[in-house]
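When you get a sec, could you build the whole thing from the sequences and use the hints?
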Amino acid sequence: MQQVFQRPVSLKDVPTHFCPGCQHGTIHRLVAEAMDEFGVRERTIGVASVGCSVFLYGYFDVDVVEAPHGRAPAVATGVKRARPDSFVFTYQGDGDLAAIGTAEIIHAANRGEDITVIFVNNTTYGMTGGQMAPTTMVGQKTSTSPYGRDHAKDGSPIRMAELLAQLGGVAFSARVAVNTPKNLMDARKQIKKAFRYQVEGKGFSFIEALSTCPTAWGVTPIQANERIGGEMIDYFPLGQFKDTAQWKPQPPPPAPVEQPGALSFPEFMNEI
Amino acid sequence: MRYDLFITGFGGQGVLLAGNLLSYAAIIEGKNVSFLPAYGVEKRGGAAMCTVVIADGEVGSPVIGRPSTCVYLNQTSLDRYGAKVKDGGVAIINSSLVDDSGWSRDDLDVIRIPMNRIAMDLGDARMVNMVAAGAYAAKSGSVALESLEQALKSVLPERNHRFIPANMQAIRAGAGAVQG
Amino acid sequence: MSQRLFVKGNEAVAMAAIEAGCRYYFGYPITPQSDIPEYLSRELPKLNGEFIQAESEVGAINMLLGASATGVRAMTSSSSPGISLKQEGISYMAGSELPGVIVNISRSGPGLGGIDASQADYWQSVKGGGHGGYHIIVLAPASVQEMYDLTMLAFDLADIYRTPVMVLADSVVGQMKEALVPNPRPETTLPEKDWVVRGRKEGTEQKIVKSLFLGDGELEAHNWKLHGKYDVMREKECRQELFMTEDAQLIVTAFGSVARIAKTAILTAREAGMKVGLLRPITLFPFPTQAYRDVTGQCKKILDIELNNGQMVEDVRLSVARDAEVHFYGRPPGAGSLPVPEELFEQIKKYY
Ligand SMILES: Cc1ncc(C[n+]2csc(CCOP(=O)(O)OP(=O)(O)O)c2C)c(N)n1
Ligand code: SF4
Ligand SMILES: [Mg+2]
Numbered sequence: 001m002q003q004v005f006q007r008p009v010s011l012k013d014v015p016t017h018f019c020p021g022c023q024h025g026t027i028h029r030l031v032a033e034a035m036d037e038f039g040v041r042e043r044t045i046g047v048a049s050v051g052c053s054v055f056l057y058g059y060f061d062v063d064v065v066e067a068p069h070g071r072a073p074a075v076a077t078g079v080k081r082a083r084p085d086s087f088v089f090t091y092q093g094d095g096d097l098a099a100i101g102t103a104e105i106i107h108a109a110n111r112g113e114d115i116t117v118i119f120v121n122n123t124t125y126g127m128t129g130g131q132m133a134p135t136t137m138v139g140q141k142t143s144t145s146p147y148g149r150d151h152a153k154d155g156s157p158i159r160m161a162e163l164l165a166q167l168g169g170v171a172f173s174a175r176v177a178v179n180t181p182k183n184l185m186d187a188r189k190q191i192k193k194a195f196r197y198q199v200e201g202k203g204f205s206f207i208e209a210l211s212t213c214p215t216a217w218g219v220t221p222i223q224a225n226e227r228i229g230g231e232m233i234d235y236f237p238l239g240q241f242k243d244t245a246q247w248k249p250q251p252p253p254p255a256p257v258e259q260p261g262a263l264s265f266p267e268f269m270n271e272i
Numbered sequence: 001m002r003y004d005l006f007i008t009g010f011g012g013q014g015v016l017l018a019g020n021l022l023s024y025a026a027i028i029e030g031k032n033v034s035f036l037p038a039y040g041v042e043k044r045g046g047a048a049m050c051t052v053v054i055a056d057g058e059v060g061s062p063v064i065g066r067p068s069t070c071v072y073l074n075q076t077s078l079d080r081y082g083a084k085v086k087d088g089g090v091a092i093i094n095s096s097l098v099d100d101s102g103w104s105r106d107d108l109d110v111i112r113i114p115m116n117r118i119a120m121d122l123g124d125a126r127m128v129n130m131v132a133a134g135a136y137a138a139k140s141g142s143v144a145l146e147s148l149e150q151a152l153k154s155v156l157p158e159r160n161h162r163f164i165p166a167n168m169q170a171i172r173a174g175a176g177a178v179q180g
Numbered sequence: 001m002s003q004r005l006f007v008k009g010n011e012a013v014a015m016a017a018i019e020a021g022c023r024y025y026f027g028y029p030i031t032p033q034s035d036i037p038e039y040l041s042r043e044l045p046k047l048n049g050e051f052i053q054a055e056s057e058v059g060a061i062n063m064l065l066g067a068s069a070t071g072v073r074a075m076t077s078s079s080s081p082g083i084s085l086k087q088e089g090i091s092y093m094a095g096s097e098l099p100g101v102i103v104n105i106s107r108s109g110p111g112l113g114g115i116d117a118s119q120a121d122y123w124q125s126v127k128g129g130g131h132g133g134y135h136i137i138v139l140a141p142a143s144v145q146e147m148y149d150l151t152m153l154a155f156d157l158a159d160i161y162r163t164p165v166m167v168l169a170d171s172v173v174g175q176m177k178e179a180l181v182p183n184p185r186p187e188t189t190l191p192e193k194d195w196v197v198r199g200r201k202e203g204t205e206q207k208i209v210k211s212l213f214l215g216d217g218e219l220e221a222h223n224w225k226l227h228g229k230y231d232v233m234r235e236k237e238c239r240q241e242l243f244m245t246e247d248a249q250l251i252v253t254a255f256g257s258v259a260r261i262a263k264t265a266i267l268t269a270r271e272a273g274m275k276v277g278l279l280r281p282i283t284l285f286p287f288p289t290q291a292y293r294d295v296t297g298q299c300k301k302i303l304d305i306e307l308n309n310g311q312m313v314e315d316v317r318l319s320v321a322r323d324a325e326v327h328f329y330g331r332p333p334g335a336g337s338l339p340v341p342e343e344l345f346e347q348i349k350k351y352y
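Chains as they are written, first to last, in our numbering: chain G, 1 to 272; chain Z, 1 to 180; chain R, 1 to 352.
Possibly wrong hints are sitting among the right ones.
As the list claims (entries may be wrong) - Once the Cα atoms are required to be at most 25 Å apart in a straight line, the calculated SDA-like pairs of lysine to any residue come out as:
id, chain 1, residue 1, chain 2, residue 2
1, Z, Lys-84, R, Pro-332
2, R, Lys-46, G, Gly-129
3, G, Lys-141, R, Glu-50
4, G, Lys-153, R, Val-58
5, G, Lys-12, Z, Gly-46
6, R, Lys-46, G, Asp-154
I should point out that these hints are in silico values taken from the structure, not numbers from a laboratory. Computed from a predicted model, the values in this text were never measured in an experiment.
Right, here's the structure in full:
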């Protein structure tokens, strides 16, 4: 019989700091499982974002770089370009990725960086006490939308998985949830698929995971889970929005090494 | 006169509400006051605490290293902050939840009050903080019980004003426990 | 007696902003200042104002720049890491001579640091945190009442000098609750905002708000003009509190929350018969240099105390009389540990 709840080796055996009913922990586990499956733990470099998942290094038994708020995709770009053999993932909340880090995520995705982004959408800023996020549902009350998110004033929730799927550099984009056993199984599959893209060097892969924040939503864990299956999946449909192996241009052959004397013009002269 | 007080317990015991209430009562009496809640790192593990300074003149520091009175509402609080009370100061202990038999401070005026039991007898265990506030007010003489009643009206949202009589009973019971 | 409320320092900032006529707020959530946006997100809509939660602090400061260019009173608030992001915009606002209020409820760093109270943003605030060699006015409240009064003042100073003004506090002052008398907005004569962009009506002059000056000598003249303003501020806007300094043999100097903590230590010292006083700068820029010069005419020992590794002490050293000694006590904040009066009293004894 298969043991469903065995701890992935990429995950440390420690209690988490997440609130009861928070799904960050479940999503951590799925990511760790995928890491185990591909045997990439030892070459993985995780990039932590700023949010409730900032303690990534406390739970994943991998090397981790902590990025400034929103900048994880840029940091990951630097890591991957410097160490192309490493397996690089970012793990970001919706405030981090879809607000302050919009520029970074769009351009890392558009460049087709060979990285995997795990985007946890809980429709709020969990860590700072439940303020409005770009993914907050219309009408949802948060501590900075006390009258409910107003579509006319605050816009409507951003569907990041669909939005990024439009970009040429994106190879894979999917949205998952972990609210039911079936969705959890699907999520596990999709995350593995996203990892496979990077393992095979096929380009940028993106997973949006719907998640609960009972603390900021002010509901019980059970009610929080029900909300995912209800209004959230209605608005943020699950599934794949892009699944195309990208053609990655081969790097140009290395330029012949010139002798020092052969350099005529300093490169920077052209930039002034 | 100048009074300083440190109240600590776990989140849910109404530590901050007690501190707010005492502060507000002092303001009603025309005194100056500072109320400093702990936040962030200190809050870890569900602890709640606040420091209140009441003064006729300037408050000065809202941060106090060795407060003259500490109120301990649960065991962890005493274990962690037992050394904090100023030498010769006052410790008010919720003896329903705190066992201070192993505590080696003989310089203090220790007042043990079974706050949970008193609150429960009055019909609601959540009024532990009111018992504590009443006890402190009576012990220190920093604010009058009548001012606490007036303060309750300001601190509690209107819809909860029907609870004021019960809360006042708890406050008086706390005060009574000090004198008795 | 006038009405006394019991409010948090952060809320006092928001209340003062509203009383000062500020109806535009742009910000991004960060601890420990979120009470400010939370309060304003609730109150501004009732006043036909605008509350926008920006996509980032970079976004927020640029929204402030734009709003201010149209002539309205507007503000943003954040905490240290977010203030770093705003520096670019603050430099542009300083260069474009735009008023605006920026509140920094600072926390510990560098980097993500921690959320404990800290005074480590002193340099960043007073030395021109962004590029290009400018200053902004920096006000350092030490009580809830001052959070209110100085926020109100910040809007006036911003308009008078056409400059960004920062209110620099920490979580002690921001999270603390005290009695507050919500004074009405003072009647200040303000210069007319004839420079604002409103849409050029036929026959009126085109208005340009900018910081790029490419003409011959233009940028140099612009810089001289800005620095001329800084000199006027130095002359007219220095504010400080003197407490028991007349007969003092040791004067403690500290700003914001630390000055409050020091005050109790000074009272303890006085009880012990030691003649100790306090000089608390309220404006950090302009720095009250003259006050230091004055007190050190008589008292030759200064003890500078900061919740950092020593920043303001550099300005203190430059300000005191030549024969005065300046000592320093400070430390970066650790997990949950604020300096306490008892600790500062030990330092007073050491240098007295
Ligand atoms: C520049 C900067 N601005 C603001 C913050 C404060 N901050 C910390 S976490 C966070 C948002 C967290 O929300 P999200 O990314 O959705 O993660 P969650 O906690 O919900 O998982 C913010 C605004 C910061 N650390 N740095
Ligand atoms: S605040 Fe929300 S996101 Fe953060 S740990 Fe708690 S439930 Fe999870
Ligand atoms: Mg979130």
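Against the structure, the hints come out as follows:
Taking the CA atoms of Lys-84 of chain Z and Pro-332 of chain R, the gap is about 22 Å. The hint holds against a cut of 25 Å. The straight-line distance between the Cα atoms of Lys-46 of chain R and Gly-129 of chain G is roughly 23 Å, inside the 25 Å bound, and the hint therefore holds. Among the hinted pairs, Lys-141 of chain G with Glu-50 of chain R is consistent with the structure: their alpha-carbon atoms are about 17 Å apart, no more than 25 Å. Under the criterion of a C-alpha separation no larger than 25 Å, the hint pairing Lys-153 of chain G with Val-58 of chain R is consistent with the structure, at around 20 Å.
Proximity of Lys-12 of chain G to Gly-46 of chain Z is assessed by CA-CA distance (about 24 Å); at most 25 Å being required, the pair is judged to hold. Restraint check for Lys-46 of chain R and Asp-154 of chain G: the C-alpha separation of about 16 Å stays at or below 25 Å, so the hint holds.
Every hint from the earlier list agrees with this structure, and none is contradicted.
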